[in-house]
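Enquirer: Residue numbers (numbering that gives the first Met the number 0), protein chains in the order written: chain A, 0 to 424; chain B, 0 to 424.
Treat the hints with care, as some may be off.
Intra- or inter-copy, both count: the list cannot distinguish identical chains.
Claimed, not checked - Calculated lysine to any residue pairs in the SDA-like style (CA-CA distance at most 25 Å, straight line):
#1 K362 to H389
#2 K390 to P169
#3 K390 to T411
#4 K362 to E161
#5 K390 to A287
None of these hints come from the bench; they were simulated from the model.
What follows is the residue order along each chain.
2 protein chains.
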Amino acid sequence: MADLIARRRALLGPNVPTFYDDPVHVVRGEGVWLWDAEGRRYLDCYNNVAHVGHCNPRVVRAICDQAATLNTHTRYLHEGILDYVERLTATFDDPLTTAILTCTGSEANDIALRMAEGVTGKRGIIATDATYHGNTALVSHLSRSNVPEVGFGLGQYLRHVEAPDSYRIPDPDGQRFAAQVEAAIADLERSGIGFAALILCPLFLNEGFPTQAEGWLRPAAEAVRRAGGLLICDEVQSGFGRSGSHFWAHQRQGVVPDVVTLGKPMGNGHPVAGLVTTPGIMARFRSAFRYFNTFGGNPVSCAAAMAVLDEVQERDLQANAARIGRLAAVRLSELQQKYPVIGDVRQSGMVFGAEFVLDRDTKAPASAYADRVVNRLRQRGVLLSRLGRHKNTLKIRPPMPFGEEHLDLLVTTLDAVLAETPVSE
Amino acid sequence: MADLIARRRALLGPNVPTFYDDPVHVVRGEGVWLWDAEGRRYLDCYNNVAHVGHCNPRVVRAICDQAATLNTHTRYLHEGILDYVERLTATFDDPLTTAILTCTGSEANDIALRMAEGVTGKRGIIATDATYHGNTALVSHLSRSNVPEVGFGLGQYLRHVEAPDSYRIPDPDGQRFAAQVEAAIADLERSGIGFAALILCPLFLNEGFPTQAEGWLRPAAEAVRRAGGLLICDEVQSGFGRSGSHFWAHQRQGVVPDVVTLGKPMGNGHPVAGLVTTPGIMARFRSAFRYFNTFGGNPVSCAAAMAVLDEVQERDLQANAARIGRLAAVRLSELQQKYPVIGDVRQSGMVFGAEFVLDRDTKAPASAYADRVVNRLRQRGVLLSRLGRHKNTLKIRPPMPFGEEHLDLLVTTLDAVLAETPVSE
Chain A
0 MADLIARRRA LLGPNVPTFY DDPVHVVRGE GVWLWDAEGR RYLDCYNNVA HVGHCNPRVV
60 RAICDQAATL NTHTRYLHEG ILDYVERLTA TFDDPLTTAI LTCTGSEAND IALRMAEGVT
120 GKRGIIATDA TYHGNTALVS HLSRSNVPEV GFGLGQYLRH VEAPDSYRIP DPDGQRFAAQ
180 VEAAIADLER SGIGFAALIL CPLFLNEGFP TQAEGWLRPA AEAVRRAGGL LICDEVQSGF
240 GRSGSHFWAH QRQGVVPDVV TLGKPMGNGH PVAGLVTTPG IMARFRSAFR YFNTFGGNPV
300 SCAAAMAVLD EVQERDLQAN AARIGRLAAV RLSELQQKYP VIGDVRQSGM VFGAEFVLDR
360 DTKAPASAYA DRVVNRLRQR GVLLSRLGRH KNTLKIRPPM PFGEEHLDLL VTTLDAVLAE
420 TPVSE
Chain B
0 MADLIARRRA LLGPNVPTFY DDPVHVVRGE GVWLWDAEGR RYLDCYNNVA HVGHCNPRVV
60 RAICDQAATL NTHTRYLHEG ILDYVERLTA TFDDPLTTAI LTCTGSEAND IALRMAEGVT
120 GKRGIIATDA TYHGNTALVS HLSRSNVPEV GFGLGQYLRH VEAPDSYRIP DPDGQRFAAQ
180 VEAAIADLER SGIGFAALIL CPLFLNEGFP TQAEGWLRPA AEAVRRAGGL LICDEVQSGF
240 GRSGSHFWAH QRQGVVPDVV TLGKPMGNGH PVAGLVTTPG IMARFRSAFR YFNTFGGNPV
300 SCAAAMAVLD EVQERDLQAN AARIGRLAAV RLSELQQKYP VIGDVRQSGM VFGAEFVLDR
360 DTKAPASAYA DRVVNRLRQR GVLLSRLGRH KNTLKIRPPM PFGEEHLDLL VTTLDAVLAE
420 TPVSE
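All chains should be built: construct the whole structure from the sequences, respecting the hints.
Expert: Quick look at the structure:
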C-alpha cells in the first residue's frame, strides 16, 4: 500500500486525489461490489459511473464484440452512432432531437458553453457557488473551489448564484432561486458582458441534492428565457433514470432545457459522453464552429452506450431507483430519530444521504464528523463519500441495481458507525 | 447510403464532416484493411488511431479482460495506471518522468496550456499558422481555420508563426523558424501579455511534414528557453515510433520538451490520451490547479494502452516504419519522375506523401487536383486524405504494420489514378 502511494506520487505527481485516509486498493468489481487486493469485499454505495453494475456482462460483451469488429471515427458512415442517437434522443422531450458525442462530460459542457455563445452572441454564464461541471480550462472555472490564481477560462464572464439549500434556506417554489438568477442576469447585462446561459444540475447533486417540489426550476427557467439566454442542464450525474421519477431529472423539474449534457454513467465506465440539443441550436453551432472529436461516437463507445440503455430500460432500473430511494429515505429517517447529529435526510431516487450537524437548532455543519463517518464506513466495507457546500452530507449514489439487501447492509453498518462515533470526538 | 446521410443530418446536425464525395460505409476492420457494407475491401493508408492495426487481437483481448474484471476511477489505488506510466515514461529522456492520463489529446493540450500559464505566470502562446491541436474552447483557437467569429478561447493571447515549408521556404537549420518565434515572443512581451509557451508537432504533420535535418528544432527551442517559456510538443500524431528513427519525434529534433502531449494511437482507438512532463512542472500544476478526470487512467484504458506499447515494442513496429518510409520515398520519387504534377515527395517514417503543383517552377498548389486524386483512390479501394497549408499534399499515414505488399498496392493504384487524372481536367 505504502509502495503504491509512493509510486503514485513519483509517477503522477503530488495532490492526485485518493478517497479515504486509508485508500482502497481495488482489483475486481461485480454488480454493486468491489474487491481489494486482499480479497476483501466492499459494498459500493458511491460509483454512479458503473451505472448498470460493475463489469455488467451485457456492456462487457458489447464492448468486446465491437472492439473485435471495428473501431474508427465518424468521418466514415456507420450505423452505431445513428442507432444510438436515435434511441437516446427518443428518451427526451421535443425539440431535443440531435446530439454530439464526446468522450467526457467535461468536453460536453465545454461545447455547451460555446453553443450558448454561438446562439446568443454573448458570454455571460451563471452557475451555482457549490457546483462542478468538469475539468477543461473553460468549464473548470465554473467551480468556485477550482478557480486557481491563474488560469485561462471563464474569468470575468462568470456569475455565481447561491446554491439551493432546502434545509437552511426555504425556497419551496423556486422563486428565491429565480430572483437570484434574475439579479445575476441584470448584473451581466449592466456590465456589458451580456447573458448567455444558466448551467446547472437539475438535482443540484454536488450542492447536496436539496429537497424540491416537482417543477421547482420553472421560475428560474422562465427568467432565463425572458432574457434570451440558454438553459443548460448538466445531467452527467442526474440522468439515465437515476432520479427514479423520470429518465432525465429536468423532466421532474418541469422544464425543457436548450442543451442537456451527459457523461459518467453513459457507457458504464467506457469513456463516452455527449450532449443533446435542438436542431436549431445544433445548426447554429455547426455553422459557427468546426468541431470534430476523433474518439467521439466511435462504434465501440456507441455499442457500450447502447448496452447501458438496454440494461436500464429492460431491467427497469429507473423503477428500482424510485423504490430503493423511497426505502432509503425511510431507513435514514429512522436513524435520524436515533442520532441527533443527523440534521436532515434527503433523497432523489438512487441518490440519498444524511446531513450532519453539530446542533439541530443552529444547523452548524458537522464536516469533520462526516469525514470520520465516511472513513469508518470504509473500514467496515461500505464505500461512499460526502458532498455539499459544507461537505457534511453523505453522498450515497450507488450503481442502479442496488437492492433492498444492499440498502439493509448500508443502513446497518451506518447505524453501527454512528453508534461508535460520538460527535464530541 | 443516402438514407445514412439523411439520418446523420437529422440526428447529428449539418456540417458533420465525412471523407470523400462518396463516403465509405465501414463495417469491419482488420490490420491495415477496412471493409464496407457491400463486402468491398479498402487498404487503409490513413488511420493512425489504429496504430497497431485495426482490431489488433492483443489490444482487443486486453480491453475485454480488463473490462470484465474492473473499470473504475483513480481515486482508488490500482496498479494499471502505475505500471503503464512507468513503461511509458521509460521511453522518454530525463527529466520527463511524470504523467497525467486523460481521454483525448484535446484534453491533454488543454492541460498543457494551463501548465505553461501555471509555471510562467503568463498567457502568451505561439503556434504555427497551419496547425491543429484539438477541440476544447481553449485549444481550438490554436488552429487558424477553426477560429470562429465568436468563441471563448485563447483570443488575444495567441500569436501565429509561419508553418515551416521545406519545399517553398528553405530553412535548412531552423534559424528562420527560430527568428519568427523570437519575433512573436518579443511581440507578446511588448504587448504586456508575456510569453508562456510554444506548442507544435515536432514533425509538423498537419503543416505537411516538411523535410528537416535532425536537430532542426534546436534553435527555436533555445529561443523559447532564453525567454523563460515552455516548449510543448504535441506528439498526438508523431509519437509511438511513427517517425521511424525515434520513439518520439522530438528526440529526432534534438530537443527535450517541457511537456509532451499524447493521444490518438495511444489505445488503438480506445479513448485514452495524456501528457508527460517533468516532476517540477507537474508539482506546480498540481499545486495551482485541482484536476481530476473521471475516466482518465482507468484500468481498461491503461490495459489498452499497455497492449499498444507491447505491440509496438515486441513487433519492432518503429523499425518497420523506418524501412517502409524509406521505400515509400523511393517509390513516390519514381512517380515524381513520371508525373510533373508531383512537385515534392516527403516522408518521416510511416508518414509520407506527395505534394501536387500546377507548375514546378511557380510551385502553384494543385489543391483541387489533390482532391480528385484522393476521391479516385477511394473509388479504387485505397483510403487516404490530403493536408498542408494548401491541402495539396497526400496524407499517407497508415497503421504501423503497413508492409511492403501494401505499399506496392498503394503505389500501383496511385500510378493508375495519376495516369487517368490530367492536371487540366
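Enquirer: Confirm or reject each hint.
Expert: Results for each hint:
no.: 1; hint: K362 to H389; verdict: within (11 Å within a copy, 66 Å between copies)
no.: 2; hint: K390 to P169; verdict: within (20 Å within a copy, 61 Å between copies)
no.: 3; hint: K390 to T411; verdict: within (23 Å within a copy, 66 Å between copies)
no.: 4; hint: K362 to E161; verdict: within (18 Å within a copy, 62 Å between copies)
no.: 5; hint: K390 to A287; verdict: between (40 Å within a copy, 22 Å between copies)
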